[in-house]
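Protein chains: 2
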Amino acid sequence: MAYKLWYWPAIQGRGEFVRLALEAAGIEYEDCARGKDGEERLLADMAARLGRAPFAPPYLETDGLVIAQVADILLYLGDRHGLVPKAAADRYWIHQLQLTVTDLVAEVHNVHHPVDMRAYYHDQKPEAGRAAKQFRDGRMPKFLGYFEDALAANPGDWLIDGRWTYADTSLFQIVEGLRYMFPRRMAAIEGDYPGLIRLHDQVAQLPGIQAYLKSDRRLAFNREGIFRHYPELDGE
Amino acid sequence: MAYKLWYWPAIQGRGEFVRLALEAAGIEYEDCARGKDGEERLLADMAARLGRAPFAPPYLETDGLVIAQVADILLYLGDRHGLVPKAAADRYWIHQLQLTVTDLVAEVHNVHHPVDMRAYYHDQKPEAGRAAKQFRDGRMPKFLGYFEDALAANPGDWLIDGRWTYADTSLFQIVEGLRYMFPRRMAAIEGDYPGLIRLHDQVAQLPGIQAYLKSDRRLAFNREGIFRHYPELDGE
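Quick note, the sequences are listed as chains A and B, same order.
Quick note on numbering: the first sequence equals residues 2 to 237 in the working numbering.
Quick note on numbering: the second sequence equals residues 2 to 237 in the working numbering.
Any given hint could be a false lead.
Which copy is meant is left open, because identical chains are indistinguishable; a pair holds if it fits in one copy or across any two.
[Said to hold, decoys possible] Straight-line Cα separation of at most 30 angstroms, DSS-like style, residue types lysine-lysine; simulated pairs: (1) K134 x K5; (2) K5 x K37; (3) K37 x K126; (4) K5 x K126; (5) K87 x K37; (6) K215 x K126; (7) K143 x K37; (8) K143 x K126; (9) K215 x K134; (10) K134 x K87; (11) K37 x K134; (12) K215 x K5; (13) K143 x K5; (14) K215 x K37; (15) K87 x K5; (16) K87 x K126.
Just so you know, these hints were derived from the structure itself, not from any lab.
The model shown is predicted, which means the values in this text are computed figures rather than measured ones.
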């Protein structure tokens, strides 16, 4: 097995952006922390790593290389497996979009953990309520509108002409996650982003993704991950 | 002039990570929004960009390419100007560290704006107080300890043997920023990170950085940027 992926076993989380690219491309990987005692095994693996070690999961191991940070993993997979065009203008553009996805994901996490990452959501509910309101009203349309414009900048069906890239599979996950976390808000505004929704649907139809979504490798969203559905954070 | 850099004119902010790499390498650039009416000119430039546009400043323009996102800009400069070794193991490692710097910078901003990015600090002071405490006690030592270990993983004086990279100049800025924002906390703990402090001092001695820090191109830290000094956020 060429790749070993290490990530928390019970959530989609940040690891999902890596899984989606691997699955869409049909690249074999072992999701090492799934199964019995996965979390313990992940923590033990992390603790044993010295030298060029990850700050946090997910990380990908191959041929003696260990790469952490979602965007860095995707950059590596993109380069090695041709998941992005080789032209510099395309490579840096797709990576730029992925880094904007990274920013959005951090802000999504901040909605339910605005003042203390180590505490529970129920210990910061009033603060989360306020963070959710500014996210729903301001940041969410700003990010979605930006990605809609990025799609409109390309004449074809994807972010880059004629082919999916890792940023396309990442935008699929953004739509999925926001629909789960903010069903009322997304229902109200997603009509404003027809290109993004069409992209989401196209990614869902990729053969590798179709198979993945039906498999037990795709975990359900839940309240331990990055995207969490708390009705009280989904607005009036 | 080969490069045009666009960033908010009155703060170091995220743009500083790009400036430091350019200055250390002696690469010529124009800091386009400095000077009269800089903010208006930046906003007008942003508004006029269609197609592959930035989500936010900073962005770098060269040869018809426009690259946004600090880590993407540094990746590009690293590849084009040899600011990182060509070996894959080194390139992805240095980028991974830069992405961890990105995460840290987002958390630093979250300390003074935990619940509403669009509101003022004084409209979210109690929340910021709580966010600051968890940052000082938990996240700050975790990040600094991680970077210390990353340095210790290399036998030489830099993150990579024998030469500075853009991640070295970025870590210099992290030390500078945290000393400005949390002088009491940093004084209390920075002795735990001797490698990181030595790295900071080495970067300050690079000829390009020495010249830059003495010039009026280097802005002072202030309360409009990412790193902000509010004494009430610096501990008991």
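So, going through the hints one by one against the coordinates:
1. In this assembly of identical chains, the alpha carbons of K134 and K5 never lie at most 30 angstroms apart, being 39 angstroms within a copy and 37 angstroms across copies at closest.
2. In this homomeric assembly, K5 and K37 come within 30 angstroms of each other (Cα to Cα) only inside a single copy, at 17 angstroms, whereas the closest approach across copies is 53 angstroms.
3. In this assembly of identical chains, K37 and K126 lie within 30 angstroms of each other by CA distance neither inside one copy nor across copies; the values are 33 angstroms within and 44 angstroms between.
4. In this homomeric assembly, K5 and K126 never come within 30 angstroms of each other (Cα to Cα): the closest approach is 37 angstroms inside a single copy and 44 angstroms across copies.
5. Proximity of K87 and K37 under a CA criterion of 30 angstroms is satisfied in neither setting, with 40 angstroms inside one chain copy and 40 angstroms between copies.
6. With identical chains, the CA atoms of K215 and K126 are never at most 30 angstroms apart, being 35 angstroms at best within one copy and 47 angstroms at best between copies.
7. In this homomeric assembly, K143 and K37 come within 30 angstroms of each other (Cα to Cα) only across copies, at 29 angstroms, whereas the closest approach inside a single copy is 41 angstroms.
8. When the C-alpha separation of K143 and K126 is checked against a cutoff of 30 angstroms, the pair qualifies both within a copy, at 24 angstroms, and between copies, at 25 angstroms.
9. Within a single copy, K215 and K134 get their C-alpha atoms no closer than 34 angstroms, and across copies no closer than 44 angstroms, so neither meets the 30 angstroms cut-off.
10. Taking the closest pair of Cα atoms, K134 and K87 never come within 30 angstroms of each other, the shortest separation being 41 angstroms inside a single copy and 45 angstroms across copies.
11. In this assembly of identical chains, the alpha carbons of K37 and K134 never lie at most 30 angstroms apart, being 39 angstroms within a copy and 36 angstroms across copies at closest.
12. When the C-alpha separation of K215 and K5 is checked against a cutoff of 30 angstroms, the pair qualifies only within one copy, where the shortest distance is 22 angstroms, while the shortest distance between copies is 48 angstroms.
13. When the C-alpha separation of K143 and K5 is checked against a cutoff of 30 angstroms, the pair qualifies only between copies, where the shortest distance is 25 angstroms, while the shortest distance within a copy is 36 angstroms.
14. Proximity of K215 and K37 under a CA criterion of 30 angstroms is satisfied intra-copy only: 22 angstroms inside one chain copy versus 58 angstroms between copies.
15. For a Cα distance limit of 30 angstroms, the shortest separation of K87 from K5 qualifies both inside one copy, at 25 angstroms, and across copies, at 24 angstroms.
16. In this assembly of identical chains, the alpha carbons of K87 and K126 never lie at most 30 angstroms apart, being 46 angstroms within a copy and 47 angstroms across copies at closest.
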